[in-house]
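Visitor: Can you join these two chains into the complex? Each is in its own frame, and there are hints to help.
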Amino acid sequence: MTGDPLYLDGVDLVDIGITIAKVVVAFTFLLVATMFMVWFERKLISDMQNRIGPNVAGPWGLLQTFADGVKFFFKEDLRPENADPLVFRLAPYISAVTAFLSFAVVPIGGSFGGGSSGTVTIFGRETYLQVADPPIGILFLLAMSSIAVYGVMLAGWASGSKYPLIGSVRASAQAISYEAALGMATVVVVVLAGTLSTHGIVAAQSGGFTRWFLVSSGIVPFIVFLIAATAELNRPPFDLVEAEQELVGGFHTEYSSIRFALFFLAEFMNVITMSAIMVTLFFGGPAGPIFFGMTWFWPTIWFLLKVLAFLFVFVWFRATLPRLRYDQLMNLGWKLLIPLILFWLMFISLKELRATYNWNWVVTYGAAVVALAIGASLLTMALRAGDRAYQEELEEV
Amino acid sequence: MVDTLVFVAAAVICLVGALGVVLARNPVHSALMLVMTLFGIAVQFVAQEAHFLAAVQVIVYAGAIVVLFLFVIMLLGVDRAQNLEMSFLPVQKWAALLFASGSLAVVVALIVVVGEPVTGVHAMGGTLGGTDDVRLLARSLFSDYVYAFELTSLLLVIAVIGAVVLVRKPKQTNPVAAEDGGGT
Numbered sequence: 377m378t379g380d381p382l383y384l385d386g387v388d389l390v391d392i393g394i395t396i397a398k399v400v401v402a403f404t405f406l407l408v409a410t411m412f413m414v415w416f417e418r419k420l421i422s423d424m425q426n427r428i429g430p431n432v433a434g435p436w437g438l439l440q441t442f443a444d445g446v447k448f449f450f451k452e453d454l455r456p457e458n459a460d461p462l463v464f465r466l467a468p469y470i471s472a473v474t475a476f477l478s479f480a481v482v483p484i485g486g487s488f489g490g491g492s493s494g495t496v497t498i499f500g501r502e503t504y505l506q507v508a509d510p511p512i513g514i515l516f517l518l519a520m521s522s523i524a525v526y527g528v529m530l531a532g533w534a535s536g537s538k539y540p541l542i543g544s545v546r547a548s549a550q551a552i553s554y555e556a557a558l559g560m561a562t563v564v565v566v567v568l569a570g571t572l573s574t575h576g577i578v579a580a581q582s583g584g585f586t587r588w589f590l591v592s593s594g595i596v597p598f599i600v601f602l603i604a605a606t607a608e609l610n611r612p613p614f615d616l617v618e619a620e621q622e623l624v625g626g627f628h629t630e631y632s633s634i635r636f637a638l639f640f641l642a643e644f645m646n647v648i649t650m651s652a653i654m655v656t657l658f659f660g661g662p663a664g665p666i667f668f669g670m671t672w673f674w675p676t677i678w679f680l681l682k683v684l685a686f687l688f689v690f691v692w693f694r695a696t697l698p699r700l701r702y703d704q705l706m707n708l709g710w711k712l713l714i715p716l717i718l719f720w721l722m723f724i725s726l727k728e729l730r731a732t733y734n735w736n737w738v739v740t741y742g743a744a745v746v747a748l749a750i751g752a753s754l755l756t757m758a759l760r761a762g763d764r765a766y767q768e769e770l771e772e773v
Numbered sequence: 247m248v249d250t251l252v253f254v255a256a257a258v259i260c261l262v263g264a265l266g267v268v269l270a271r272n273p274v275h276s277a278l279m280l281v282m283t284l285f286g287i288a289v290q291f292v293a294q295e296a297h298f299l300a301a302v303q304v305i306v307y308a309g310a311i312v313v314l315f316l317f318v319i320m321l322l323g324v325d326r327a328q329n330l331e332m333s334f335l336p337v338q339k340w341a342a343l344l345f346a347s348g349s350l351a352v353v354v355a356l357i358v359v360v361g362e363p364v365t366g367v368h369a370m371g372g373t374l375g376g377t378d379d380v381r382l383l384a385r386s387l388f389s390d391y392v393y394a395f396e397l398t399s400l401l402l403v404i405a406v407i408g409a410v411v412l413v414r415k416p417k418q419t420n421p422v423a424a425e426d427g428g429g430t
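Sequences listed follow chains A and B, in order.
Following this note's numbering, the numbering of the first sequence begins with 377 at its first residue and continues without gaps.
Following this note's numbering, the numbering of the second sequence begins with 247 at its first residue and continues without gaps.
FYI, nobody ran anything at the bench for these hints, they're computed from the structure.
Incorrect hints may have been included.
[Stated by the list, open to error] Covered by chain A, according to a simulated footprint, are these stretches of chain B (three or more residues, beta-carbon under 8 Å):
no.	stretch
1	265 to 276
2	298 to 304
3	307 to 320
Think of the CB as a built atom: it goes at the ideal place given N, C-alpha and C, for glycine as much as any other residue.
Just chain B, with the same shape it has in the complex (with noise of 0.2 Å):
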């Protein structure tokens, strides 16, 4: 009876959280829905027992994405309400309903062809009753999949070098760029 209302209180919570980020008007105001979504989640999480993923989760995503989020839209400016009859290109809005229609539509299709369980893959959240979660994960992450998890952190440094590189300003050698440049 707990489980059935912690599952319904959180699902409310995430759908609520979402249709938020996509209704509201202003960017800050999704972006706190958004949080509100990962909060839900969250508590599923630790409704399955795992208490991981669930910190993971709150301190990663809530944390430091979406505040990352934040950072962009309140130092750029974009903190207003916008107007969305403007879009950049013309098809642009047919091509989102498209494409939302059609993930939706694979997400239904592989929950109704596959049945249970969609990936194949047992769950690393530890069982019920307490093993230790964090163990568990920490072994199949550091043994099975020790490649992919590896590659993943190259990937990261990659994009981590990457920024800085685009940020850096280049030496000014185009006299052109060093006569309006400067800023002497």
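Bound conformation, chain A alone (with noise of 0.2 Å):
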């Protein structure tokens, strides 16, 4: 683990103009997937939905989001009167900026298998297809998911209104809850993997599907990930952040014009970026079968492949699922996503510990699952006398 191999030997300017060109890139990348994500959200689900959705501007309507964020611009940009200026600005910045930083340090590219280490050679040097890769590459995916929490939840408070307020507290709410068992199905791949450097997940994986985390973890870390990353998202089933019904719009209700633009435009870019961190974590990252020797060309087809898989996945969600109620989002979090998590992470622990140390396979797994039925029975027992708790506290009102 040594970082990129663009900065060992020294830094110079054509180091400095390739870190400035891959930033670019990768913002202008994501942007532009940002805005055809829009267009293919909303073209899916309105197939699903037997409509035909944007069809006006540009062919099939492609153009719809470009011409939306132009109105945007030019629109007056309303501050309530109750409103604390400087947070009420500062909080769609946050959301934003968060929102493209995660993307840095997810490898969009690069050959793994066959002895390569994933770098391209640009002008002569040999790099990494992604931004950063930070020792803590993961962590810092972590970090940024739960500072985004702050815009949010500022942007709900500076309002100074009721509706976004109760949006903003319930969206902090469900993030922190969804945050442990997020991270916890992301410290199944990190004990599997040996390394948090994103660029090193996805080395780890290289060599054929079967090495992929999606199998070797057994597929449950992944399904956890999927659904907290939903959560965490805001996107529909689990959208009563911004319920309509309920609460106007939730957090951004007040928000207008450009601000709410980078709202709308921070959700998107959630969206492609924990897409692209499942592709990684889960799906060998730029993995796939390299034809013609083109191998610079066709990982990163392979990634943009799976990412646009995961978005359809998405939007498929949000076309079949009805949204949960608030107790139910908090049960399925704290009372089977934890508990089921916590239990595999042991279970994947002990394997690896016992593939090391070469322990006796029926001690181990034989106290294993003891372990794992004494556990179950006293949370069984708890989540039984919680809920018997609960329903005479109903039957009292």
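Guide: Structure (structure tokens):
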């Protein structure tokens, strides 16, 4: 783990140029992808609902998002009288900046199999196809998603109005609850990969489909991650943050014009980033067969295709699943996902330990099953007691 | 040169944030200033190659603890500028001044008297040049300091259970409480 080879032998002007180019390319890519993601979602969901969807601006309505963006720019920027001026203006930028920063650590290409370490050569310099590869890569993602809570929370508070405040409190409670499950699903991958760096995690998955952490972690962490990520993104069926019937628009009710556009942008950027993270963690990142010896070209194509598949899944969720109630949301997070992923994490760690120290099969797994049974029965008893107390309370009222 | 620049910039951020926590009139602004200080410290950690500590600093302190502060401030409705002249204890202001200057004096005295290694324990931040600081930290936490570590986690569990017990509504055995409470 030495990090990006670009910076190993000192940093000169060419290195700085390449870094700036990478930042600009990633930013542009994310903006353009966001633009088409909005179009993709609207078009797909209208297909699923037997509608036509946007079809006027450009061929197949492709330029619809662009038109909307231009409109946002020219709208009047309103600020409610009760709003806290500074925080009100700050909040959208926190959302947008964290959404972009998380994407910086995702490797979007480079061939990892067959002895090569995922580098490409630009202007005679070897480098990774990702903006940054900090040694704590995946923790950086978690840090950014916990900072993103501020954007929503401050927006709701600074609006100086009831519905946004309720929406933002809901949003932060939801984000904090599901961050635990999300983080632990990530820890399973980290335990298997033995590194926190996103580049290292992708490298650990190179060498065929069976080495993807989707398979070797036993699918459960992926499912937990997918559910927790959907909740973290405030996407349907977990979109009670902006439940229109209850909260008008949630935390961004009072926002208009370009500030609203920033929230909108951040939301869709986060969808793309989260899909990219899932591909990185569980689907081998840019792994895939390479044809015609174009080693720099195919990995990026595979990466984009995998991300696209997840974007489809998120839209599909929205079109098919009804919204959860607030207590159902909390029950799912705390009473199902967290215990499940906790048990799974212990199981995977035990498996790794057994492999490392060559422990006896029977003793190891026997002890694991006994411990699991005790833990599960204690947890069930606790949940039952909680349910009983809740029912009694309901009857009293 | 770059190191010095980073240090100065992060130190300025820390100090401005720290002053802001004390001087801001609005509690929410104070909490945000605290986040700024925490970010400055995280930058200092990264400059010292303690990447893991930096990440934990942001995730735990900025991402969880200050969010909780904000929750409390917003939900208890104290998010308005408060009159600082009003204090609960008569000597509060002077006691605060005394304690603050006292702890500052202790820190300064430590630095002056002891010299460089203030705690006497070597840093676990990994060495410059990219040794994995997570590995080092985990090794020392789960070998040399395992009892301290586990006792701390026990303390946290006790705190959580205590909080749950405290917020639980007691069974209404008291007839007076049953009459005016209950919400039927």
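Visitor: Work down the list of hints and note, for each, if the structure agrees.
Guide: Against the structure, the hints come out as follows:
no., hint, result
1, 265 to 276, "holds (count 3)"
2, 298 to 304, "holds (count 5)"
3, 307 to 320, "holds (count 7)"
The structure meets every hint from the earlier list without exception.
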